[in-house]
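Enquirer: Listed below, chain by chain, are the residues.
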Amino acid sequence: MNSFGIEQFPDYKVPGVQHVDFSPYESNGGSIVAIAGDDFVVIAADTRLSSGYSIHSRDQSKLFEMSPKTVLGSTGCWCDTLSLTGLVKVRMQMYEHTHLKTMTTDAVAQMLSIVMYNRRFFPYYVSNILAGLDKDGKGAVYSYDPIGHCERATYRAGGSAGALLQPVLDNQIGYKNQNLSLDQLPPLTKERAVAVASDTFISAAERDIYTGDSVLINIITADGIEKRELQLRKD
Amino acid sequence: MILRFVFHYIWLKMFRNQYDSDVTVWSPQGRLHQVEYAIAAVKLGTATVGLKNNDYAVLVALCKPPSELSASQRKLIPIDDHLGISIAGITADARVLSKYLRSECLSYKHSYGSTYPVSRLITNLGNKMQTTTQRYDRRPYGVGLLIAGYDEKGPHIYKVEPSANFFNCKAMTIGSRSQSARTYLERHLSTFNGCSKDDIICHGIHAIRSSLPNDELNKDDGASQLNITIAIVGKDQPFKILNNDENTAYLEMAKERGTSSMASKPQKDDDNFSTEDQPESSTPRDPQVAIGTMEIQ
Amino acid sequence: MMNNSCAQPMWLNGPSPGQFYNFMGGNNAPAQLPRELTTAGPYGTKHSTAAITTGSSVLGIRFDGGVLVAADTLVSYGSLARYQNIERVFQINNKILLGGGGDFADIQSIKRSIDQKMIEDQCCNDGVVMKPAELSSWLTRVLYNRRCRMNPLYIDVVVGGVDEAGKPFLGNVDLRGRAYDDYVVATGFGRHLALPLVRERKPKDREFTFEEATSLIRESMKVLYYRDTRSLPQYTVGICTANDCSIKGPFKVEENWTFAEGVSGY
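Chains as they are written, first to last, in my numbering: chain E, 1 to 235; chain D, 1 to 297; chain B, 1 to 266.
Quick caveat, the hints were computed from the structure, so don't treat them as lab data.
Check before you lean on any hint, since a few could be wrong.
With a Cα cut of at most 30 Å, we get these calculated DSS-like pairs of lysine-lysine [as the list claims (entries may be wrong)]:
hint : chain 1 : residue 1 : chain 2 : residue 2
1    : E       : Lys234    : E       : Lys138
2    : B       : Lys204    : B       : Lys117
3    : E       : Lys234    : B       : Lys202
4    : B       : Lys222    : B       : Lys252
5    : B       : Lys167    : D       : Lys153
6    : E       : Lys234    : B       : Lys117
7    : B       : Lys252    : E       : Lys234
8    : D       : Lys255    : E       : Lys89
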């Protein structure tokens, strides 16, 4: 309750009626994986929207196309996701009108951080991953925490199964602790990135009840955004 | 005493008449001179044409640089995915109005997730502009707008005047020497509805060409020299200002298609409003400054 | 848009960094908190107790040419079946149905606001009417805003209808502003009881037909009556297609309690 700095008091001192406390937050689940390559980036998110033990929708895309080169994946509290993406879209259109060009992925990444930090003391309860091509045409992945910390990475998992997915990516994409020298690292192809992203989701759906139904995969290249869908467990 | 009369006489002459000192003063003939002056400002801007067929609305604007030292200014302003405007008159006023239109469209999109119905947007714009014509401490916006939009009711062309009048049009043109373009549009109006997207753009180009003075037409002879901007909005087509390549392609296409329709040169540019209060000849002309007219284009 | 009233000025009467000078008479009074946050009193203000008079489930099903929205006619006061003949499915305009669950006072309140918007639509007299997706989006903004002020409307609504092209839309918005659309949505107990029943019957490659949708509504409302204690055997159904938008009913659930004879202690 204490988000506005109004005079507060312990609940037990309240005279009168008993009340049920309202929580503004709700976890609606969902996971995201993004993998960047040299001239492409793959971002995938499942389509299950749930809260608690009930599944609201099995077909809810969590990927938001912000521009032809940028896709935002957002999970967590779905109402915050809707609100945040709505606001970012408004800000991007304003940018486009004043500067007569579309925002670059890097600019969107920076703005998203600021927009989220603006709500530092009543945060958007979301796990965001932004994927796109940067101004040099290279794949870029930015990940966020709920209050707007922003970090660029080459691959990242987020959302309810983020902790399950990230180690798989570390192993399969980052080749962590495999004692490979730099020239031994196989180059990352688009197909491999898609395959790894798909596999991580198939695995996550086994263990995370908030991830499942199907996964939407967006492959962003200079030619546009290719969309694929893969069915997952629906239980 | 006589001197005083003389001064008074001069004073009268200086200010054209007694009924235009501010926008809230009526002339005995029932006219608002300040508003009419603002409408005259629209006619100082270069011509622009708006027209539509069943699925598309097109804006074509002539972008003459205001001086040899400056680049040509933007005549077409995108407002939202479904709407854009073309301006004639004081560019600075147009910027204010376009900022208003943009923020209205954005907040509508933010709350409803859809585009602002064109007729409602224009009604609200008209209401905003009207207040300036009814208060002594305001001045009317000195800019005329042609609005091309597309919504569930199809494509629209609206004309908005500084008087805050707005008109839903089949085709319209505003700006200097626009009467000639209007003649062209009137002549071909019946063919617009059924014609293709390419046709309607070519009609727009022909219309705007006919507003050029003859010597200028002959001078640049090659149609690609024509300094115009084209924008289109319609079914499955977000508002788009055509780029240079597309522009040239359409200019060439228009040139090939119809020199026949170009034959119709207008008789007289009778755009200048005639005043009944005083004969036209006594209207004092604003000083014409070569570079000082940057805002008016 | 920029609220720089809290920013420290860089120098006396000067603009804050990155801001413009504020001339006298401008709107630079300190922003007022929303009224409900500024009530005087020793304890400040406390909102959001709970729903008082409540409607239970609402069930919506989308079919190939439109949507069906059903809700029983009960509004409870706690466990008391207080108001037994209240329709909870509303026709908003020719294109929209609204089914309301949750606090009925809040439903009525939001309904008044929506009706006002419909009147404004009609006043424009331009033939443009609101679409269900637009209403759903608007409700999201309103409810999210109320949530952020910690003063939510305790409602869980189903918005259904068709757009100008006759394409059906069915969505759900809850008290936090969480919104989604799907071929079946339900609130309250319907989410647990009716949703699985409907999903089970969904053909993979096509939408439901009208007949399938109506029989599913009938069946689901029966199950809800048998299993949800806050329900009645009477319900209304809103139907919205490209050329019809109306509320049908009230209908009776086909009760059958003959099995009860065999239940000992009944």
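Enquirer: Of the hints stated earlier, which fail here?
Expert: Hints 1, 2, 6, 7, 8 are the ones this structure does not satisfy, whereas the remaining hints hold.
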